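Visitor: Below, each chain spelled out in residue letters.
Protein chains: 2
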Amino acid sequence: MWFLRVNMTDRSAKLEGVPAQYKNLGGRGLTSSLVAEEVPPLCHPLGPNNKLVFASGIITGTPANTAARVSVGGKSPLTGGIKEANAGSSWAQDLPSLGIKALVVEGQPKEKDKFWGIHITWDAAAGKPKIEFFDAAEYTGANLYAVFPKVYERFGEKISIAGCGVAGEFKYGNSGIVFNDMSKRPSRYAGRGGLGAVMGSKGLKWIVLNEKGSPGVPIVDKALFEQGRKKMNDALRTHDITKPKGGLNTYGTAVLINIMNEAGGLPTRNFSSGRFEQAAQIAGEAIFEGNKKRLGQELYNHACSPGCIIQCSNTWHDEQGKEISSCVEYESDWALGANCGIGDLDAIAEMVDLCNAYGLDTIEAGATLGVAMEAGVVPFGDAPGAINLIHEMGKGTPMGRILGAGTGAAGLVLGVTRIPAVKGQGMPAYEPRAVKGIGITYATSTMGADHTAGYTIAPEILGVSGKQDPLSPEGKAALSRAFQATTAFIDTSGHCLFIAFAILDIASGFEGMVEECNGVLGTNWTNDSIVKLGGEILKKERAFNEAAGLTKAHDRLPEFMQTQPLPPHNQVFDISDTALDSVYGEL
Amino acid sequence: MWFLRVNMTDRSAKLEGVPAQYKNLGGRGLTSSLVAEEVPPLCHPLGPNNKLVFASGIITGTPANTAARVSVGGKSPLTGGIKEANAGSSWAQDLPSLGIKALVVEGQPKEKDKFWGIHITWDAAAGKPKIEFFDAAEYTGANLYAVFPKVYERFGEKISIAGCGVAGEFKYGNSGIVFNDMSKRPSRYAGRGGLGAVMGSKGLKWIVLNEKGSPGVPIVDKALFEQGRKKMNDALRTHDITKPKGGLNTYGTAVLINIMNEAGGLPTRNFSSGRFEQAAQIAGEAIFEGNKKRLGQELYNHACSPGCIIQCSNTWHDEQGKEISSCVEYESDWALGANCGIGDLDAIAEMVDLCNAYGLDTIEAGATLGVAMEAGVVPFGDAPGAINLIHEMGKGTPMGRILGAGTGAAGLVLGVTRIPAVKGQGMPAYEPRAVKGIGITYATSTMGADHTAGYTIAPEILGVSGKQDPLSPEGKAALSRAFQATTAFIDTSGHCLFIAFAILDIASGFEGMVEECNGVLGTNWTNDSIVKLGGEILKKERAFNEAAGLTKAHDRLPEFMQTQPLPPHNQVFDISDTALDSVYGEL
Chain A
1 MWFLRVNMTD RSAKLEGVPA QYKNLGGRGL TSSLVAEEVP PLCHPLGPNN KLVFASGIIT
61 GTPANTAARV SVGGKSPLTG GIKEANAGSS WAQDLPSLGI KALVVEGQPK EKDKFWGIHI
121 TWDAAAGKPK IEFFDAAEYT GANLYAVFPK VYERFGEKIS IAGCGVAGEF KYGNSGIVFN
181 DMSKRPSRYA GRGGLGAVMG SKGLKWIVLN EKGSPGVPIV DKALFEQGRK KMNDALRTHD
241 ITKPKGGLNT YGTAVLINIM NEAGGLPTRN FSSGRFEQAA QIAGEAIFEG NKKRLGQELY
301 NHACSPGCII QCSNTWHDEQ GKEISSCVEY ESDWALGANC GIGDLDAIAE MVDLCNAYGL
361 DTIEAGATLG VAMEAGVVPF GDAPGAINLI HEMGKGTPMG RILGAGTGAA GLVLGVTRIP
421 AVKGQGMPAY EPRAVKGIGI TYATSTMGAD HTAGYTIAPE ILGVSGKQDP LSPEGKAALS
481 RAFQATTAFI DTSGHCLFIA FAILDIASGF EGMVEECNGV LGTNWTNDSI VKLGGEILKK
541 ERAFNEAAGL TKAHDRLPEF MQTQPLPPHN QVFDISDTAL DSVYGEL
Chain B
1 MWFLRVNMTD RSAKLEGVPA QYKNLGGRGL TSSLVAEEVP PLCHPLGPNN KLVFASGIIT
61 GTPANTAARV SVGGKSPLTG GIKEANAGSS WAQDLPSLGI KALVVEGQPK EKDKFWGIHI
121 TWDAAAGKPK IEFFDAAEYT GANLYAVFPK VYERFGEKIS IAGCGVAGEF KYGNSGIVFN
181 DMSKRPSRYA GRGGLGAVMG SKGLKWIVLN EKGSPGVPIV DKALFEQGRK KMNDALRTHD
241 ITKPKGGLNT YGTAVLINIM NEAGGLPTRN FSSGRFEQAA QIAGEAIFEG NKKRLGQELY
301 NHACSPGCII QCSNTWHDEQ GKEISSCVEY ESDWALGANC GIGDLDAIAE MVDLCNAYGL
361 DTIEAGATLG VAMEAGVVPF GDAPGAINLI HEMGKGTPMG RILGAGTGAA GLVLGVTRIP
421 AVKGQGMPAY EPRAVKGIGI TYATSTMGAD HTAGYTIAPE ILGVSGKQDP LSPEGKAALS
481 RAFQATTAFI DTSGHCLFIA FAILDIASGF EGMVEECNGV LGTNWTNDSI VKLGGEILKK
541 ERAFNEAAGL TKAHDRLPEF MQTQPLPPHN QVFDISDTAL DSVYGEL
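Residue numbers (our numbering), protein chains in the order written: chain A, 1 to 587; chain B, 1 to 587.
It should be emphasised that the hints constitute simulated quantities derived from the structure, not laboratory data.
Simulated restraints on C-beta separations: (1) LEU471(B) x GLY17(A): 40 to 48 Å; (2) PRO568(B) x GLY17(A): 44 to 52 Å; (3) PHE133(B) x PRO565(A): 24 to 32 Å; (4) PRO379(A) x LEU471(B): 51 to 59 Å; (5) SER529(A) x VAL572(B): 43 to 51 Å.
Everything numeric in this text was worked out from a predicted model, so none of it was measured.
Each residue gets a CB set at the ideal place from its N, CA and C atoms; glycine is no exception.
Assemble the whole structure, with the sequences as input and the hints as a guide.
Guide: Here is the structure:
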């Protein structure tokens, strides 16, 4: 396999052998290592010295299931620190199938506002991938749902697409990298941290992959790999949360709306309450029942990417049974719903689709809209007003630019004091005052406020791997640390994070993950060594952040969470600075 | 003397004795000590836990000359660190005359967008100041030139006024604290770092002082004080830069336009060149000659505050001889002129006046406009466009809010990579690539990019205290360190920083400053001990900043200055990180 380096200054491409120290890495482990090694920590995130790195997981592209994840890394224009965001897509499988272990985008065109695409195919004669650049001007300034079909039309139906929307072209702090889903929609996002803007700053609109004829991903020990794959699949097919017609397949991630509301930890109206009185109207159950009513039959969820067993992506339909959005995920549903005081699924689904169309991260968009509502730009609960503000982001108006800059920056510009963000990045759908462990993850993660960085919700709310009291601060620093390290490995493996529910409860599933990786790489990793490897990845990320100016002072939740008690539990975030500092201090 | 604590949560006021450790401090030394001691470093700058501290200099309010300075301190909404900004005004004298050594504004009203004033008079019967609150609603949302006269009308002609403009009401990162000049204009600013927003966040519009009948500032050793005062005055009256009809009195600070342009260090069009082809049209000489032509006679400059010998404030008149602006200072002239590619004094003066009217810092405004022009919001050189953008700031439109947020934030929101700012604060009128020492001051100052924090321009450009090559990096860290420490003391003494020209060249002037302070306080300070005291103040400020999350990584100039050579010298900023870190490392 190769590293493919693409230089956008002169639009050149170069294949390099994979250095030994990177051979056993993939996904986040690889993107974070390359960023830490090669990007000057104090460079401007939108300047020529930042790099945008794509790397699929270790097992991605093999027959492993629920494992089509690609990580994207760089210095974040949103947090000012290192960033990894990942997505599930056929693109994730096609990149390593083409022999590309990492794609590193470097440089910047001299011309302003010129956009290019890259088309990568397999050159059978040469026995290596072939890289061609094309002018992408015709696809810019447009709704992604409108231009994705044109790319398929031009390059064929078998391609996979990565790209950025207008949010990336505008260089917003809120801008994701979009990937195609299984129905060719621009709906799968490496959403967080503004990596779309890094792509936009490099004048790169599309990376189109066609893996036809490519050799695929080599597997060193096929028997071991198959053994691991079977253990993993059995775990996924058994666990109540991940099994077919289980929690996620039936109600989608939005099954969490009622659960979090019940726990008093569903952030409502810009984190001013932990309960939303219209929660039931936007919950996963309401989506399932609403679809049944509108379609006349039960609808179970679909996979975001090939080979997934869990299949958690829902679709929401209008009264005529026409699709409004293919993916009203919990986070999106919450961000654009409860956090904005909006209880109307049709409006929420429309907003999700608009975010996808413009290249925005739904979590950041909703967290920012909450701040805008707090500032009085539009009132809480004003769905047409909120929809209009997303359109402003899509148009790049001054208000659109303010909101597109992300939660921290928008709060600053709008003069708001209740800004639910860490390191500039808006908080996801769990209230730290009601679920203490996740607050520690938000505070200390190298990524800014990010639930996926150490999802302590599993034990604190869902009882996965034992139940812990969400309101108690006891032992939560250690819990977050363990989850952050394990997660860093899962993000490296190529598995979707949702395997965690199954493998934390079912020991053979965890073994299966390790065996899959050992099978592919020929390594001898153990359960312990993969957690250690996760910790090493975190340390690299943290060292980059320190050099970029992020300190202990940035590993804190915003002041209001320590001073304003949250209804209904009327608790503040009471984790000590010492405990917060121990997360990485004792790593 | 007392500390006056005003709590805006319940609009109460309290006089306290001055604790022993603060008795020999004043100005910046006092505001920074109180902020470092009492403000939580991680508080939101616009929240109830920040404090706004006013303290006049040690000798302010005595007959000392060129010494009517008041420092304002708090946690800055612009830099996120500690902030001290000072201004010259009769207000500076009236505060200590009323027996108030420091005025500390605390808390925050529960009601949003309510504004109050404070009226402080001398209660002869009680032998202490009397503090009354009044509703200030009628003065909000208005041009300061329109409402200042109403305050004089209400409280009498003998008052002094401190306040904030709409910029502070809107809580902009660019918002100063305004003070009256000698002709009752709202034109003297503690401008930098957004302290107007801190005042606005506390619902405080005005602090009106009437010192009638007050006891004045006590002087422990009158003879020593008089001896020092005479030495200082002799130095000021002798030095070519500060003497009557000398450089500053004739051409104002804008005398520097031609000098800096000649040195290739006049930042032009958002720091893309060090030479401005229209520099001569906006230079101090052009102001002097233009006024002579329009008025039919020579016009020398006036004092910003009572008792000043230097008298450097110019006035610019229109063709009909009517005043456009009372103070086209070098920094303002450059910021709104050369930095925006604008060579028209009438337009520049109009912009200066608009900034004063809205409560904006002219340096920050011009640095931000340069970034906006780089982003293409309006073209470089478009004076009507620039004027309109200042009006947008005054109106609080979305674009106005973006620009009002200051240079760093506006650059972020507009997606610009050439952002001339340190710690978010826009750079003043000296190009670090052409004058290396001032670049070190910008990088390392506790205040963000601030020329007044360590004005190495004196030796590097003006040959004051010996001439040093501006382009050479040699010895500049030590130079900046010495200037920063001495400056911290001058800002504590109450003298205007412009005494530095005279006292650095004339040893008896320096002695005079020390003797004035010893005379007032009864201390035995020496030349060495005041520099040491300055260093102690810097250390306190820096410790606050570290706790607030500002690290070595924030003591750097923006990346572009290290990678893009600046015409005409085609140099980059080549001071090593080690040298930068030695400024405070060896303090």
